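Participant: Work out the full structure: start from the sequences and follow the hints.
Note that the protein sequences, when read in sequence, are chains A and B. Every number in the working numbering is 710 more than the matching position in the first sequence, counting from 1. Every number in the working numbering is 53 more than the matching position in the second sequence, counting from 1.
Below, simulated SDA-like cross-link-like pairs (lysine to any residue); rule was C-alpha separation at most 25 Å, straight line:
#1 A/K1037 x B/Q117
#2 B/K185 x A/F748
#3 B/K106 x B/A67
If you are wondering where the hints come from, they were derived from the structure by calculation, not from laboratory data. Predicted model only: the values in this text are computed from it and were never measured.
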Amino acid sequence: MAAYCKIAMKQPRAKQKRPTRTGLKIKAYLQFHAQALFSSLGRLIRSPGTFSMTVAVLALAISLAGGFYLLLANIQQLTGNLEASNQISIFLKHEVSEVNGQQLVNELKTKPDISNVLFISKRQAMGEFKQYSGFSNAFDALVDNPLPNVIQVLPKDALTDDILFNKLVSKLEQIPEVDFVQADMAWLKRLQAMMQLANRSIVILNSLLALAILFITGNTIRLELQNRKEEVLIAKLVGATNRFIQRPFLYSGFWYGFIAGIIAWVLITVIVLLLQHPLEQLSELYDERFNARYLNFEETILLLITSASLGILGAWAVLNRQIHQLKPD
Amino acid sequence: MLVFDRVYKRYPDAEDALLDVSFRLHKGEMIFLTGHSGAGKSTLLKLIAVMEKCTRGQIILDGQNVNRITDKQIPFVRRKLGLIFQDYKLLQDRTVFDNVALPLVVAGNSYHEIVRRVRAVLDKVGLSGKEKKYPITLSGGEQQRVGIARAVVNKPKMILADEPTGNLDPELSTEIMNLFTQFQQVGVTILIASHDRGLIEKMHNRVLHLDHGRLLQDCNETT
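Facilitator: Below, the structure written as structure tokens:
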């Protein structure tokens, strides 16, 4: 309520064009809002003990939630890369020539359940093998190339639809030129199931943390209301509406959530910064397929909006009941 | 302006606070409400300010039945009233200016308007130049004048004062009463609860006398 009473003494401004009555009302309304917003911040800062403790607890809860989210996002980045290598390898019979293999590739390309086809000829495979294995001299001694022609197929929706996937595999196996088909997706499916589990767990965990944030702000606002009971009662006696009385407290809730959100963002960023080096080491082992991921701009905005809204909501839930109950006597 | 029609008020697990109280108050009238402590003076004022609702009967304030209004309408009824208390009920951590400005802020007036009206009313109650002071630094009489300024700043139709001079010496009390008379002269209806017999007799106004919740006499009634 300091919000509504605290009006600094200023010299009235010089005469200006007389605005309409509605205009004046709107101006007064905006003036009041701006004033309430900043005076509620001022009031919070004037009691630094309660304020910093509450903000610290909120910031920890928010950074936990944000940290979990970011951890999951980082892991998903990794598994996302693995999913891209979700391929079926078709080993062609030895007697099938490169030309026939190429024909088969063109044929497979027209199938609707296949999204991408890659042909690796014997010669290509041999070349790569020589380069990476380090046994190039030994291979030079071979008269015949023992490697088969291989076609790599990237199926459509292979991971989401089991039946379709198996159908595709057996269809490929029936092609006369095909020696055998290698498609072991089980481990990828397991990984995906684990990711889903992790995803769900984090949603639940973060909901609990959000609930904690609601309770913490709610309780803080309740105490603030108790401390300023006298003001509230006097304001009621001079004709303040409940909504009017609520407003500065809602702004307090906003500030708690918003400032805690900013601190949580800093915390999360510092944590990722600390983890960046070991993460980089890890990613080198994965052919540098992922980088440490920070909260991006949209996520940062979302984090701040969510924490500020939770602050307002927590305050509102308490105020809605308590202000009605406060009656002057 | 104000009509009490066979009003009863009973608190849970207690005796009747008001029994069959009927009276009528005209616009611009100044009237005293007297009686021993516990006679129901405060209850009567609370009923008008909708701090309580009566058990039976009707209270019409400015053409509005205050017993039938919703919680949402209560603030707007209170804006028609100026309330003055024995203990002043000032906010000690706010300046005189902020205290007096409260009803105007609550009603959504612009800053410019607030400054203008607060200065005018402080001038009227003889407190100009004390805007920036805190209530605690003022004397009892001055604090009550801040209370009065706050009650009248929003130009209420009616002033309700509960023992406004209860904590003041006779000289200051007379000063406060003179202020009330001035407001009455500009058409404000005033109801003052007081047991200060000497003061009441000096004022020659209409007096309502309550005894154990009943209205005993209605002296000097004007029609």
